[in-house]
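Q: So the sequence lines, in the order shown, correspond to chains A and B.
Taking our numbering, the leading residue of the first sequence gets 1, the next gets one more, and so forth.
Taking our numbering, the leading residue of the second sequence gets 1, the next gets one more, and so forth.
Please note that the accuracy of each hint is not assured.
[What the hints assert, rightly or not] Selected chain A positions facing chain B (Cβ under 7 Å, derived; list incomplete): (1) T180; (2) V199; (3) V212; (4) F213; (5) S219; (6) R231; (7) T233; (8) Y234; (9) T237; (10) L289; (11) D295.
[As the list claims (entries may be wrong)] Chain B stretches covered by chain A per the calculated footprint, using a threshold of three residues with CB under 8 Å from any CB of chain A: (12) 217 to 226; (13) 235 to 247; (14) 289 to 303.
[What the hints assert, rightly or not] In silico negatives: residues of chain B with every beta carbon more than 10 Å from chain A: (15) G91; (16) D115; (17) R181; (18) R419.
Read the hints as simulated data drawn from the structure, not as lab findings.
Just so it is clear, CB atoms sit at the ideal spot from N, CA and C, and this is done for glycine as well.
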Amino acid sequence: MNLSVSPPRRVSDPGAPELRLDVAIVVAAAWLLAVAVAVRVGGGWGETAVIGAWMLVGELLTVQLDEGDAIPLSHGLMLPLAVVTGAAGVVLVVGSIVLLAAAVQTPRSLRRAATGVVMRVVSALAAWGAYRGVVGVTGVHRPATALAALVAAGAALLVVEVIIRRLHDESSFGRAGGYTAVLAIGASGILMALGLHGVDGRGAMGLWAIPVFAVPALSARWAFGRLHAIRRTYDQTVQVLSVVPEMGGRVRPGHSRRVADLALDMADLLEVPRGGAVDLERAALLHALGSVTLDDGQVQVMPTPEEVATATFGVLRDETRMSGPAGLVAGMAGEPVAADDQLAADILRVAAAYETFAGGDPARARSAFGALAGSPATSARGRSASGRGDHRVLAALARVVARRSAVGARG
Amino acid sequence: MPGATTPQGTDGRDGLARRMPAAQRAYLAVISVAGLVVTALVARRGIPDVEAFVALALVALGAELICVRLPSGATASALMVPVIAGVYALGADGAYLAGGLLAGFGGLYLPDIRDRRFARLIFNSAMLVLAGVASASVFSLFDPAAGSSVPLFLVATIPTAVTFVAVNVGLLVPMLVLDQRRPAREFLASLSPFHVQYIPFAVIGTGLGWVYLTTGPLVIPFAVAPVLVARHTFRSYLALREAHEETLRTLVRTLERKDPYTAGHVERVARFSRLIGEELGLSELRQERLRYAALMHDVGKLVVPNALLRKPARLTPEEYERVRLHEAVSVELLRRVDFLRPIATSASPRYARYDARGGHDPIEPYAIVVADAFDAMTSTRPYRRALPQHVAFAELRRHAGSQFHPACVDALIRAIERRGERHGLGHEAEVVVFDADPPVRGPGSAGLGDLAPEFERARSSGREIDPAGRTSS
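Construct the entire structure; sequences and hints are all you get.
A: Structure below.
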């Protein structure tokens, strides 16, 4: 029994930066003082300062997506800011709140803060420009034109932000429902801006519009927070269960993780949709769990891929909902699966069999392919119901293995 | 995204379909007639703004159509948004009409119409009409004619929403009691956690109503979009939560297949832990964490060779130590789940001894250790019979303050006694039939917790343990 628990090869989510409470209190006090002075000065600067104060709060409250990505609620406040101030005000407020937020969070990084300021100021100016441009043409005397100007500002903000993100670190809002979070934050921002001054001065809520219409965005943030937390717990639980068979000596160390990586690379080549790939990774990590129930006498040597799949299916059999990862493992064990899952099940079956023979050693690739050719994983008994997928799946495996060998040789 | 607890929740959508008893029919008739009379009274005033009324009625119908079913069986919707928006936007003349009729539209759940479940449809609509009119009455107290004060309307939002919920739940619970013959407190317990969640929807409704007056229906999509996003995300959360539950059930089945002698143990420990958590007043989040940790507390057993777990003879001291290593493995594995890391010691009675740490850590590990020990004592194992409940209680009390956390011991005993439950000899819920020959002494956390001290004493004095778990020279 191997008691050394090797860490997961992938960290699913580094999580949000932590808030330094002591620094935050000092910064908040200084900021409130500045707001109080600005309000006393009056005019547009008073409104701008209060919106800026709310923006600082919004900068610290983020909608947490997976893979460490997060969207601050302050994005929504760019729209009321565009309504009340000019370009200089936008630069001053957005720049200062991004810097202040960076100061109260750890880890702190000057380079990261400077990059953040530039990115956010550029996108905020785009929103401001779009709003002013539409207002210059249509005016804001009717509800439709007021809404059109705000929608244009929101769209400009989003487009510029996406472009900058892609140029900067190739991340995008497209993962984990990011665009739906943007929609919620943007719609809240439009309502805030609309309620702030009303339409042509009628129906203005004043600065009360900010907290009132922050509620929809906060509701979305709450729901995303729950989703993020359960996804993290679920994935970490799956990772924990994936190391159990290797700790029990039923598979080679790292087997399940290697099967998952291989299956994901093959799925990428075969254009399996993102949702299917997520299930595939979880199924690969869990596929060997049942091997720990095999009698010790049965497994003097490593169990075969078919024994592993059958044993795992044995513990999944009672599952009422044989879909998702459970459905893929069932398919791996030769059970009928939904047509949409067939390709992923074939990938899993072939990847697990190959990895069992190769054991993570590139030098064994050739012999592993030889063993695979004669194994039930690709023979008539283990073939998918359709029988059509094998050739593509094996070809994808060969390409992935060849690509890794090439990278390894260069490295 | 919890919202309005509507009557098509736990009543539930599946209830009221069969033939109802007389008392239930009478209650249905009373609420339906009251709803109809109130509807007629408010409708006599006429609709001051037909366009606004129709637009918000469509939102109310949509809110119910996309309601989310919660694990408790209740449903959650955003009906509060159009109701409060209507109460505000239709002004003093239309507040009652908006509150009553818009809420009533929420009862017109389209699948009920499709399936011709008219009794439920009428009850739900009538109940919501009464809740809507009651909340509009409260709103009227704040003088909607004042019109210009946002803070006033935000203040008015809270009692208005609370009244809606109170009438909704107050009328719904008797129907649930009559329909399902269960105590009212069970329904109140399942509905109450979501009451406070009405407030955000009421605030959104107030804002929507205010802006609607100047912009008209154009603004509705902007208020609805974030609510739809929150709903969609919350549904994804529920689906993922169910997938996680399935994974934990798979873990439990794997454990039981590997070690059939302790069938049902893990789930019973999770239940006893929950009883302790409830008794100690832990938050919903901590209760969930407690449950997950209890279900995973034996995960390390999966790495113990089957030959040891099922050995039909005495374990040697070396074998015994090797089996006990599973506790350290469990703690290490639980530490890898961020949510469980603060209570990872739940997996080891040795780490979570009260006298070793003074009970200063989070209380969850102590709760699981008490639940684990209680189940071990009150379950029959192949190597010994279950103890009677009063003996198990006495053992827990005897070790309270040393091995066990006294508050957890008190909480478990209190919870079991108040429920009138009986466990242990003669009252076991699961009678396990052992196909294999029983081992002479059983390992596994339940058995280990029981036998370990005796085994240690025996080993130190050079004695061995006989099949009944007694020491012998």
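Q: Now tell me, hint by hint, if it's right for this structure.
A: Hints, one by one, checked against the model:
1. T180: It holds, given that the least Cβ distance between T180 (chain A) and chain B is near 5 Å, below 7 Å.
2. V199: Because about 5 Å separates V199 (chain A) from the closest Cβ in chain B, which is inside the 7 Å limit, the hint holds.
3. V212: Holds, because the Cβ-Cβ distance from V212 (chain A) to chain B comes to roughly 4 Å (cut-off 7 Å).
4. F213: Result: holds, 5 Å to nearest chain B Cβ.
5. S219: S219 (chain A) check passes; min Cβ-Cβ to chain B is 4 Å, inside 7 Å.
6. R231: holds (6 Å)
7. T233: This interface hint holds because 5 Å falls under the 7 Å limit.
8. Y234: holds (4 Å)
9. T237: Since the shortest Cβ distance to chain B is 6 Å, the answer is holds.
10. L289: Status holds, d = 6 Å.
11. D295: Since chain B brings a Cβ to about 6 Å from D295 (chain A), closer than 7 Å, the hint holds.
12. 217 to 226: Answer holds; 7 residues pass the 8 Å Cβ test.
13. 235 to 247: holds (count 9)
14. 289 to 303: holds (count 5)
15. G91: holds (13 Å)
16. D115: With a cut-off of 10 Å, D115 (chain B) remains clear of chain A, as the shortest Cβ separation is near 24 Å.
17. R181: At about 27 Å from chain A, R181 (chain B) clears the 10 Å cut-off, so the statement holds.
18. R419: Check passes; 28 Å lies beyond 10 Å.
This entry satisfies every hint, going by the numbered hints stated previously.
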